[in-house]
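Residue numbers (numbering that gives the first Met the number 0), protein chains in the order written: chain A, 0 to 253; chain B, 0 to 253.
Mixed in with the good hints, there may be bad ones.
[To be verified] Covered stretches of chain B (in silico footprint by chain A; criterion: 3 or more residues with CB under 8 Å from a CB of chain A, positions within the stretch not fixed): (1) 11-24; (2) 165-174; (3) 220-230.
[Said to hold, decoys possible] Far from chain B by the CB rule (all over 10 Å, computed), these chain A residues: (4) K17; (5) P133; (6) A165.
It is worth saying that the hints were derived from the structure and are not from the lab. The C-beta atom is built at its ideal place from N, Cα and C for all residues, glycine as well.
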Amino acid sequence: MSGGFITCAGVGKTYTGKGRPVEALQGISLACAEGEFVCLLGLSGCGKSTLLQMIAGLEQPTTGRITVAGQVLDGPSSETSIVFQDHGLFPWMTVRANVEFNMKARRVPPAARRARADDMLALTGLTAFVGSYPHELSGGMRQRVGIARALTTHPRALLMDEPFGALDAQTRGHLQAELLSIWASQRTTVLFVTHSIEEAVFLADRILVFTPRPGRLAAEVMVDMPRPRLPTSPEFAAVAKGLRAMLGSEGGSE
Amino acid sequence: MPRLSRLAGLLPIVALVAAWQLAVSLQLYPPVLLPAPAKVADSFVRWGPTILANAGASVLRVVIGVGLAFAVAVPAGLLIGRYPALDRLTDWSIQAFRSVPPISLIPLAMLFFGIGDTPAIVLIFLSALWPLLLNTIFGVRGIERTLLKVARAARASEALVLRDIILPAALPAIFTGLRLAIGGGWLTVVTAEMIAVKSGLGYMILNAQMTFRTELIFAGIIVIGAIGLVADQSVSRLRARVCRWQEGLLAERE
Ligand SMILES: Nc1ncnc2c1ncn2[C@@H]1O[C@H](COP(=O)(O)OP(=O)(O)O)[C@@H](O)[C@H]1O
Ligand SMILES: [Mg+2]
Numbered sequence: 000m001s002g003g004f005i006t007c008a009g010v011g012k013t014y015t016g017k018g019r020p021v022e023a024l025q026g027i028s029l030a031c032a033e034g035e036f037v038c039l040l041g042l043s044g045c046g047k048s049t050l051l052q053m054i055a056g057l058e059q060p061t062t063g064r065i066t067v068a069g070q071v072l073d074g075p076s077s078e079t080s081i082v083f084q085d086h087g088l089f090p091w092m093t094v095r096a097n098v099e100f101n102m103k104a105r106r107v108p109p110a111a112r113r114a115r116a117d118d119m120l121a122l123t124g125l126t127a128f129v130g131s132y133p134h135e136l137s138g139g140m141r142q143r144v145g146i147a148r149a150l151t152t153h154p155r156a157l158l159m160d161e162p163f164g165a166l167d168a169q170t171r172g173h174l175q176a177e178l179l180s181i182w183a184s185q186r187t188t189v190l191f192v193t194h195s196i197e198e199a200v201f202l203a204d205r206i207l208v209f210t211p212r213p214g215r216l217a218a219e220v221m222v223d224m225p226r227p228r229l230p231t232s233p234e235f236a237a238v239a240k241g242l243r244a245m246l247g248s249e250g251g252s253e
Numbered sequence: 000m001p002r003l004s005r006l007a008g009l010l011p012i013v014a015l016v017a018a019w020q021l022a023v024s025l026q027l028y029p030p031v032l033l034p035a036p037a038k039v040a041d042s043f044v045r046w047g048p049t050i051l052a053n054a055g056a057s058v059l060r061v062v063i064g065v066g067l068a069f070a071v072a073v074p075a076g077l078l079i080g081r082y083p084a085l086d087r088l089t090d091w092s093i094q095a096f097r098s099v100p101p102i103s104l105i106p107l108a109m110l111f112f113g114i115g116d117t118p119a120i121v122l123i124f125l126s127a128l129w130p131l132l133l134n135t136i137f138g139v140r141g142i143e144r145t146l147l148k149v150a151r152a153a154r155a156s157e158a159l160v161l162r163d164i165i166l167p168a169a170l171p172a173i174f175t176g177l178r179l180a181i182g183g184g185w186l187t188v189v190t191a192e193m194i195a196v197k198s199g200l201g202y203m204i205l206n207a208q209m210t211f212r213t214e215l216i217f218a219g220i221i222v223i224g225a226i227g228l229v230a231d232q233s234v235s236r237l238r239a240r241v242c243r244w245q246e247g248l249l250a251e252r253e
């Protein structure tokens, strides 16, 4: 488990707040190669967000070690960007200001900020909305802004926590396809959390299956299908069926 | 027809004036106690310069007192809301001090600062400080947690977080505090002027009572109410402009 762009070795996390400690994750070891599209799949509560936030440097692992680009993590890495399900856009900033925020935080000069933001806005189809406020946008548009903002700093890995989880099926389908084309053009690594089997099979090169209480890595599934993948094809259905069995009888689909 | 329906707000006032006129016509009270509306209207002309000068003095005190309170309470509130250690340090004191009605401090204010502008401004400052401070703290606490995670993941400096995230997030609550502060300051100034100052609307009213110019008392009360109304409307308009990005506020205004 070494030599990956992102690696976890024996990573565990126990939340100790008020009340009983909660063991959210136990013994997670994984490696993610540069340029790979990896989905973390599991039912809700099995620690997927916890793991992603630890990889983003927002939470400390209780045990084990995480590396990004060969560096042991100690806070957020400049090589990664995170996209949240509830988009995390600043409601008082226009689309442009939101997209420029990560660069502003890194003290990128305004002219360079503007140019890079324009590129990423064009890439995500947002050029017409630069002056809008988040509340004026649809859910799909807001996620596009979140993705554009994440991409501005040339991250080598994009960490996405159920980014399309709150969207209707049609919008979600569009954004999944757009994400794949962004991934193909930007050549970033993507670590994508989802509880949807279909989403994972549609997107991933490799799927890591989690089981709950405490969250553990139960299986690893390579998805060896050419893209674009057709959810109605027999191979797609076969992979999905296998995953459904691993997630347990409780379900797995939407 | 939003304009026309707004005018409905004048109806109770018109009704009150009509009832007042009726009471005068029926001679429920001797005219020296209850002057006719026309006589009060006339006193606005007769005592115009006096009313204007005293109103100006009162308004200036409130502007200074609330302005100072704003300059202290907003930065302090942002910091207390942001840093739990500061909150633990100050919470009990704030709760204790804010329970003291500013009026009860008039005797002390006079002992320390004598008669004049200083005790009045100190009292206004104190009555404006607590609502501004508490609302600012409340506004900071209400910030969406994802937004702070976005900032942390972007490795934003603390100064950037305070200026671009904490402050704007707290702005709607700060405006609520400002409305309460101006309202409280206005109440306090009139009271303080009746006791500790020799100018202003409070002083003018008290003086009019001693010289049996009841119509001037009425005129003074009307001016106090009108200025209060205008101030409150101005703040709420300013808030709607500054916080344009907030959906709820937009809906409320239109
Ligand atoms: N900040 C936290 N404090 C305490 N417990 C938490 C916290 N975040 C998550 N948990 C707990 O950890 C477990 C895993 O949560 P999470 O990582 O959000 O799962 P998932 O993203 O797979 O739904 C859950 O039992 C959850 O209640
Ligand atoms: Mg989650």
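ask   = If you check each hint against the structure, which ones fail?
value = Of the numbered hints, 1, 3, 5 do not hold.
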